[in-house]
Amino acid sequence: MLSRLIRQFLFIIVHLIVNILVAVQNVYHRFWVKKRKVFSDEVTKSDIMIIMEHAPKMKNRLKHLVFLADTNHHSISDLARVVIWSLISGVPYVSFYDITGELKQNEEKLFWAIEKNKKGIPGCIKWSNKPDLNGYTYGMNANKIIINIFNYMNGRPQIVNCIKQIAKGEVLCKKKSTEYTTQEFGEALIQTYSLIPDPDLILYTGPLCCSYGLMPWQIRLTEFIQLSLDHSVNIDSYLGALFKYNKCDQRFGK
Amino acid sequence: MSWVKENCVSFFQLFCIKVVKSGRIPQHIAFIMDGNRRFAKKNSVKTSVGHHKGFDKLSETLKWCLDLGVPEVTVYAFSIENFKRSDEEVSALMDLARDKFKRLLDEIDLINEWGVRLHIAGRLSLLPDDLRSLVSQAMLATKHNNILQLNIAYAYTGRDEISRAASHIIDGVQNNELTADDIDENLVSQTLDLGEAELLVRTSGEVRLSDFMLWQVSRTVLYFSDVLWPEFTIWNLLAAIIHFQRHAPPLLPEIENSRSKQEFLDKLENKRWKNLQSLVSY
Chain Y
1 MLSRLIRQFL FIIVHLIVNI LVAVQNVYHR FWVKKRKVFS DEVTKSDIMI IMEHAPKMKN
61 RLKHLVFLAD TNHHSISDLA RVVIWSLISG VPYVSFYDIT GELKQNEEKL FWAIEKNKKG
121 IPGCIKWSNK PDLNGYTYGM NANKIIINIF NYMNGRPQIV NCIKQIAKGE VLCKKKSTEY
181 TTQEFGEALI QTYSLIPDPD LILYTGPLCC SYGLMPWQIR LTEFIQLSLD HSVNIDSYLG
241 ALFKYNKCDQ RFGK
Chain Z
1 MSWVKENCVS FFQLFCIKVV KSGRIPQHIA FIMDGNRRFA KKNSVKTSVG HHKGFDKLSE
61 TLKWCLDLGV PEVTVYAFSI ENFKRSDEEV SALMDLARDK FKRLLDEIDL INEWGVRLHI
121 AGRLSLLPDD LRSLVSQAML ATKHNNILQL NIAYAYTGRD EISRAASHII DGVQNNELTA
181 DDIDENLVSQ TLDLGEAELL VRTSGEVRLS DFMLWQVSRT VLYFSDVLWP EFTIWNLLAA
241 IIHFQRHAPP LLPEIENSRS KQEFLDKLEN KRWKNLQSLV SY
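Protein sequences, first through last, are from chains Y and Z. In terms of our numbering, the first sequence is residues 1 to 254. In terms of our numbering, the second sequence is residues 1 to 282.
Check each hint, because a few of them may be wrong.
EDC-like, lysine to aspartate or glutamate: derived pairs with alpha carbons at most 20 Å apart [stated by the list, open to error]:
(1) 168/Y to 182/Z
(2) 247/Y to 106/Z
(3) 41/Z to 249/Y
(4) 143/Z to 95/Z
(5) 168/Y to 171/Z
(6) 247/Y to 206/Z
(7) 244/Y to 34/Z
(8) 254/Y to 95/Z
(9) 164/Y to 106/Z
(10) 247/Y to 34/Z
(11) 174/Y to 95/Z
(12) 63/Z to 177/Z
(13) 274/Z to 179/Y
Taking beta-carbon pairs under 8 Å as the criterion, some of the chain Y residues facing chain Z (in silico) [said to hold, decoys possible]:
(14) 8
(15) 14
(16) 31
(17) 160
(18) 182
(19) 222
Bear in mind the hints are in silico, worked out from the structure with no lab data behind them. Idealized CB from N, CA, C, for every residue including glycine.
If we strip away everything but chain Y, and leave its shape as in the complex, we get (with noise of 0.2 Å):
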């Protein structure tokens, strides 16, 4: 009875010690970011020129890159930089993966935000779900880069909903054996995606790192990156996250 009073004790006075030790670390990181430079909101000159400087530096080029996005922690122009440093570095495809269900219902603020940053800099933006409304661009090399919004309904109830219709006959799926290989059930499945790479990479910040249930198919050689343990997102952490993905070695197997 004495030891496990005791054991209990000890057990909440470790988690205390790693409690203090983290809110050290935070506000020792808060301390030592504000100190050196105040982010701004908005997509700054210094952030294009930072970007047009490293970019080119990454061989690894990025194809698809997907956003945790949790609205309590992130700001709508907190994810509409997000897609304005990616449209400089060139990732052709950033998703946003909506943990709380609530970035669906404000779409229309980030589509403004996006449009607010975007002035000025070359490039085309589109959105999977909408017609082309900015088109435009400057000049014949300009990127382009197509936004999605995917949220848990992508994830295993799509899948759920593909086993669905092929029993159901809706949805061809033949079997060479008795069980279907990944590429014959993969055939049928990705038909009720629409057609986007496989994400490179996940962002996401805070100290939890979980997929909760982005797309299982898509994101078996994904990587995820932490971009900062306060939720904070600046360019200096984008580009660092950029450069961590650039070292991953990917090895398929082999």
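Using the hints, position chain Z against chain Y.
Chain Z alone, transformed into the frame defined by chain Y:
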């Protein structure tokens, strides 16, 4: 080395395990045991030595999990993609598995004493006949143990697992055991080889799932550690569990199956066991 390493926990370590155990313990931990080859390279030894060291670490980890009271552990031992490695390495890995499963069958009384139930998850048809027979025997021999379930993902990928589950469900509908409307997330989850993990630990600094438990990780705490798998220690495991205790999402209530779904799942389970019995003698 044996499957569960004895005497690998000091008194102080056991005390720390007991302290951490006062809080919430993950009911299912998954490990991506990465870094065996890098460990071999770092120490200038053969790749196969690295893999052997990796297995030794698994047996230590099992002991820690038994002491912590973790009821289910899943490890990613061999991916379908790993068949692309050199013939020499693949055959060395198959030999290692043969050796370890033979060993397990030799020391079956000890395994039963520990209460370890073995489950091999993956496309068994891709394995050589003799190895398939050995793993089937191992599963049948430990079928009634219930202290720790050890799932070994072998010739496994998450996409393959989902594809096979889809086949079984569609067969169920075609055989009138289920209706198409019975198909839901919960049914798919229960048709898969592996259950949902609460904590997933990947070693060696890689930060991806590599086609492991894709369906099952939607609420899992993913913990990436820089240490190479053969160098993984009890302290790394305890750190992962403390991280889990700080951030784990709350448990979801279990959903009860309808009668038709339960009957389908029971039939599928029976079919699996019969299939294993037929694989024993090849």
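Hints versus structure:
1. 168/Y to 182/Z: holds, 12 Å
2. 247/Y to 106/Z: Given that 20 Å is the threshold and the Cα spacing comes to 45 Å, the pair is violated.
3. 41/Z to 249/Y: Distance of about 17 Å is within 20 Å: holds.
4. 143/Z to 95/Z: violated, 24 Å
5. 168/Y to 171/Z: holds, 11 Å
6. 247/Y to 206/Z: holds, 10 Å
7. 244/Y to 34/Z: holds, 19 Å
8. 254/Y to 95/Z: Distance of about 18 Å is within 20 Å: holds.
9. 164/Y to 106/Z: Not satisfied, since the Cα-Cα distance of roughly 45 Å exceeds 20 Å.
10. 247/Y to 34/Z: holds, 17 Å
11. 174/Y to 95/Z: Distance of about 35 Å is beyond 20 Å: violated.
12. 63/Z to 177/Z: This hinted pair is violated, its Cα atoms lying about 41 Å apart.
13. 274/Z to 179/Y: holds, 17 Å
14. 8: holds, 5 Å
15. 14: holds, 6 Å
16. 31: Nearest chain Z Cβ about 23 Å off; hint violated.
17. 160: Since chain Z brings a Cβ to about 6 Å from residue 160/Y, closer than 8 Å, the hint holds.
18. 182: Interface hint status for residue 182/Y: holds (4 Å vs cutoff 8 Å).
19. 222: Since the shortest Cβ distance to chain Z is 6 Å, the answer is holds.
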